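Based on the hints, put chain B in the right spot on chain A.
Number of protein chains: 2
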Amino acid sequence: MSKIATAEILCVGTELLLGDIVNTNAAFLSQRLADLGISVYRHTAVGDNPERLKAALAAALSSADLVITSGGLGPTYDDLTKETVAAYFERPMELDRHSLERIKTYFAKTGRAMTKNNEKQAMMPVGAHIFDNNYGTAPALAIRDDVKNKTVVMLPGPPGELIPLFNEMVAPYLQSQSDSVLVSKNIHIFGMGESAVEDKIKNIMTDSLNPTVAPYCKEGEVRLRVTAKSHSHGQAERMCDEMISRIEDTEVGDFVYGVDVGSLENALVALLKQKNLTLATAESLTGGLISEAITSVSGSSAVFRGGCVTYTNEIKSKLLGVSAQTLDAHGAVSAEVAMEMARGARLKLDTDIAVSATGLAGPDGDGTDTPVGTVFIGVSTKNGENYIKLSLSAMRSREYIRLVSAKNALNLAIKAAQKMTKN
Amino acid sequence: MSKIATAEILCVGTELLLGDIVNTNAAFLSQRLADLGISVYRHTAVGDNPERLKAALAAALSSADLVITSGGLGPTYDDLTKETVAAYFERPMELDRHSLERIKTYFAKTGRAMTKNNEKQAMMPVGAHIFDNNYGTAPALAIRDDVKNKTVVMLPGPPGELIPLFNEMVAPYLQSQSDSVLVSKNIHIFGMGESAVEDKIKNIMTDSLNPTVAPYCKEGEVRLRVTAKSHSHGQAERMCDEMISRIEDTEVGDFVYGVDVGSLENALVALLKQKNLTLATAESLTGGLISEAITSVSGSSAVFRGGCVTYTNEIKSKLLGVSAQTLDAHGAVSAEVAMEMARGARLKLDTDIAVSATGLAGPDGDGTDTPVGTVFIGVSTKNGENYIKLSLSAMRSREYIRLVSAKNALNLAIKAAQKMTKN
Chain A
1 MSKIATAEIL CVGTELLLGD IVNTNAAFLS QRLADLGISV YRHTAVGDNP ERLKAALAAA
61 LSSADLVITS GGLGPTYDDL TKETVAAYFE RPMELDRHSL ERIKTYFAKT GRAMTKNNEK
121 QAMMPVGAHI FDNNYGTAPA LAIRDDVKNK TVVMLPGPPG ELIPLFNEMV APYLQSQSDS
181 VLVSKNIHIF GMGESAVEDK IKNIMTDSLN PTVAPYCKEG EVRLRVTAKS HSHGQAERMC
241 DEMISRIEDT EVGDFVYGVD VGSLENALVA LLKQKNLTLA TAESLTGGLI SEAITSVSGS
301 SAVFRGGCVT YTNEIKSKLL GVSAQTLDAH GAVSAEVAME MARGARLKLD TDIAVSATGL
361 AGPDGDGTDT PVGTVFIGVS TKNGENYIKL SLSAMRSREY IRLVSAKNAL NLAIKAAQKM
421 TKN
Chain B
1 MSKIATAEIL CVGTELLLGD IVNTNAAFLS QRLADLGISV YRHTAVGDNP ERLKAALAAA
61 LSSADLVITS GGLGPTYDDL TKETVAAYFE RPMELDRHSL ERIKTYFAKT GRAMTKNNEK
121 QAMMPVGAHI FDNNYGTAPA LAIRDDVKNK TVVMLPGPPG ELIPLFNEMV APYLQSQSDS
181 VLVSKNIHIF GMGESAVEDK IKNIMTDSLN PTVAPYCKEG EVRLRVTAKS HSHGQAERMC
241 DEMISRIEDT EVGDFVYGVD VGSLENALVA LLKQKNLTLA TAESLTGGLI SEAITSVSGS
301 SAVFRGGCVT YTNEIKSKLL GVSAQTLDAH GAVSAEVAME MARGARLKLD TDIAVSATGL
361 AGPDGDGTDT PVGTVFIGVS TKNGENYIKL SLSAMRSREY IRLVSAKNAL NLAIKAAQKM
421 TKN
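Chains as they are written, first to last, in the working numbering: chain A, 1 to 423; chain B, 1 to 423.
What the hints contain is simulated information worked out from the structure, not anything from laboratory work.
Computed from a predicted structure; not experimentally measured.
Note that CB positions come from ideal geometry on N, CA and C, so glycine has one too.
It cannot be assumed that every hint is accurate.
To give an idea of the chain A side of the interface with chain B (calculated C-beta under 10 Å), a few residues [stated by the list, open to error]: (1) 21; (2) 291; (3) 389; (4) 390.
Same shape as in the complex, but just chain A (with noise of 0.2 Å):
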């Protein structure tokens, strides 16, 4: 079978041209379809109209090896995704029992009631491979021609559906169409810019074909996806796992707080969890996104026992205890004020280790000459306390000035972690 090299994603459904919703799927089909090797070259979304439609694929598959479409699976007259790929390939369509039987009980599961309507979702076209759905009551599908060397994926728009059929199947299906194996690993990286972790590493970076390093830029994290093509699976993970090494031992080793961690919050929940460590927040400017990164992460109430946002000065006095000399003395935008919010937070809710935030998010200052985006990040465990000063640019919105400063203090207790012994 010829290699699958290049892809196409075609996207239905009129609410993505309405503007009703963001086109997600076709981001994460792109990061998927690039670790399996597969150079995206366009994406198209269009409304649920056949002849838009059937235009869109004959255009995507005149150039592409590959087109992965979502949406159009559903049940109602007009999704007709499955029909118009099939009329491509000139398949009929024939009932699947499989499908049928699976969409019968996902039914009895939740409790819904099965239309006629539904039973449309069981018919494929003929040799299409079919992907059971887990998440919902659209099976998945693929049709391959091999004289052509064309494959069309059918995907259902939910990202809740589309994400984990995606990994769970139809990347092994993608992967089982080639002879060698792929895999990739994420290091994740923070306090450090993009182009200074480019500098750090560029001799490694342009020097290596296999594995090869990419990296990802977003909202003051940079992540480096290494990816390692081999014949095992065992041989590729052990040249990602080489590669990794060789990066944590230049200068960018200081700023990895993980690999395959999935996000700073996560990392900090995992950390505490194996220390068996507690931690509480204490947050000003961002107002609670601290806590809510935490919280977000399922399980954290294992380790994070609560927090205060304090907007005022009278509250951080109140409930943390900062002292109104502190207060007077240097002004709540301080390290001094900084480090009082997390020593109170710690004491006050008896944590090993406490973070807090406080700073000028804008648009206006506070009437002193600190500029906005001025942010000052404090820790404080049993060891003692500790405060990073952030001069984040005036010119950067609100929204950006509390998410990185939040960052931050998920990067500190991190750090305050890792030199705490366990309990």
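Frame of chain A; chain B shown alone:
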């Protein structure tokens, strides 16, 4: 001049095809074009590749009256949108001195060094209509071919530039090419589902062609966009207002929290400011989402004093004074605890209103019979206390349960504030 009736959106940037960024521009532009009465038929995203960009542009212009591009206006050699569009319309490029001066001033103001490359951003196709960019270095532009009735509007890729440029300059430009005026207003509804809303105002929606009423649904909220077309702005405004009154007179009216207010948190902060009322929060399952939403609003410090995130029973007692007896008798997920949390926050932070949330966000339960998705939202004011109970499906994600809980808390705070007199 012929009317612009149809549009395609063409986004340029390899980062889109790598999945490194999500294409939010396509959704934004689609919504705004719908407001202007222009139908969007297709979204396309291509990389920084001149041949594929050229093909995509030709395909888009073969059917649509208007093509809006985003991206590819930067200073580097692979930013080629302007050049490709100019070649399509057979227009030579020339230096626009006005744009060059503005770019120079922009660099001087931000204290950065201007490179020779940036001059490229002032090169414009002959006859282009230029939109000054107050948010970045790349001016936006439009090219119009009156004979073919084709217009291409080119916008820079960063949403922080594209969004204000479209709203402030491109929308009026497109409107000026039409002899009628469109005005849209958004009715924000919370607490009634999309199908219930549609059911209550079915007659109004189907009877009315001008203004039109279109529903949009997102995370527990429904928005109705009312769009009126007329010869004068004032008349279109009046038509919108009349329709809004008609809708508010139905049962839907009880669930309307504002018109063109942006979001629950925006409506809440505006209302509190108007009535000179202060607010505090007490959060368990939402972990800071409520306070984070409130403090995301600029100027919220005038009304928001702070909050407590109390993730354990002990901390609920310690910070908010929730009694151990109540916790024992009713459990942490109960109406009684929700109200004691709100009362505690109001008294401790000395505010006019406090809202609270306690519940099970899952995926795991708390060892009792209480199902995941059970949430109590409390509110306390000097006039008394109140609560609502939510029974969200345990099949919903942790993220969804937390978000909908936070939105319900904001809505309950709005209702409480509406009943209070001005301070």
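Do the hints match the structure? See the list:
1. A hinted interface residue such as residue 21 of chain A counts as satisfied when its beta carbon comes closer than 10 Å to some beta carbon of chain B; here the least separation is about 7 Å, so the hint holds.
2. Nearest Cβ of chain B to the Cβ of residue 291 of chain A: about 4 Å, under the 10 Å cut. The hint holds.
3. Because the smallest distance between the Cβ of residue 389 of chain A and any Cβ of chain B comes to about 20 Å, over 10 Å, the interface hint for this residue is violated.
4. Using the Cβ-Cβ criterion of 10 Å, the hint placing residue 390 of chain A at the interface with chain B is not satisfied: the shortest such distance is roughly 18 Å.
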